[in-house]
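Peer 1: Counting from 1202, one number per residue, gives the positions in the sequence shown under our numbering.
Fair warning: there could be bad hints in the mix.
Derived DEER-like restraints, expressed as beta-carbon distance ranges [unchecked claim]: (1) Glu1346 with Glu1267: 37 to 45 Å; (2) Asp1304 with Lys1237: 19 to 27 Å; (3) Glu1346 with Gly1287: 37 to 45 Å; (4) Gln1262 with Glu1346: 36 to 44 Å; (5) Glu1267 with Gly1316: 24 to 32 Å; (6) Leu1232 with Arg1265: 17 to 25 Å; (7) Asp1274 with Leu1232: 16 to 24 Å; (8) Gly1266 with Glu1342: 38 to 46 Å; (9) Ala1334 with Leu1236: 21 to 29 Å.
Don't read these hints as lab results, they were simulated from the structure.
Just so you know, even glycine gets a beta-carbon here, dropped at the ideal spot from N, CA and C.
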Amino acid sequence: MVWRFDVCNGDADGLCAVVQWRLHEPGPAELVTGLKRDIALLGRVQGQAGDEVNVFDISMQRNRGELQRLLDDGLRVRYFDHHAAGKVPVHPNLEAHIDEASDVCTSLLVDRHLGGAHRAWALVGIYGDNLGAVADRLALEGGFEPGDCAGWAC
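Take these sequences, add in the hints, and give me the full structure.
Peer 2: Here it is, written out as structure tokens:
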């Protein structure tokens, strides 16, 4: 049996990215998270060859050794992040979606990948990462009325 792990930063961006993914790909998965900025999380994943690991909103650069361990052990890793990545490894079991631009967050990357399928969750994550202008624009493009999002930005 293939086991799935969802690994994420414990803030709005990371958690909303996971929610989008689980709505897209329902099924059991072990959630591995921590408090905001607790990002050395890949070391907590103990899987076996063929298992799937989805990573959201944690720096690849800070988790490089554990990422390599997972890949070497035969796990498949899908990685969405906007933090410093350094050189992204090339590996047949790694699918990386990395964008370090200042107006990007992980929820936005997942939203793009899923074609806006779960836009409301993406917006919560984007507002939560203090990208109000980006979220406002995306909300209007997604058919939300201007007042719909007024209370989301905290």
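Peer 1: Each hint: holds or not?
Peer 2: A quick look at each hint next to the structure:
Distance hint check: the CB atoms of Glu1346 and Glu1267 are about 43 Å apart, consistent with the given range 37 to 45 Å. Between Asp1304 and Lys1237 the beta carbons are some 20 Å apart, a value that agrees with the proposed interval 19 to 27 Å. Distance hint check: the CB atoms of Glu1346 and Gly1287 are about 41 Å apart, consistent with the given range 37 to 45 Å. Between Gln1262 and Glu1346, the C-beta spacing of about 40 Å keeps the proposed range 36 to 44 Å intact.
Against the hinted window of 24 to 32 Å, the Cβ-Cβ separation of Glu1267 and Gly1316 comes to about 30 Å, which satisfies the hint. Under the hint 17 to 25 Å, the C-beta atoms of Leu1232 and Arg1265, about 22 Å apart, fit the expected range. Asp1274 and Leu1232 have their C-beta atoms about 20 Å apart, which keeps the hinted 16 to 24 Å range intact. Distance hint for Gly1266 and Glu1342: a CB-CB separation of about 39 Å, consistent with the stated range 38 to 46 Å.
Judged by the Cβ atoms, the range 21 to 29 Å given for Ala1334 and Leu1236 holds: they are separated by roughly 27 Å.
Of the numbered hints given earlier, the model fails none.
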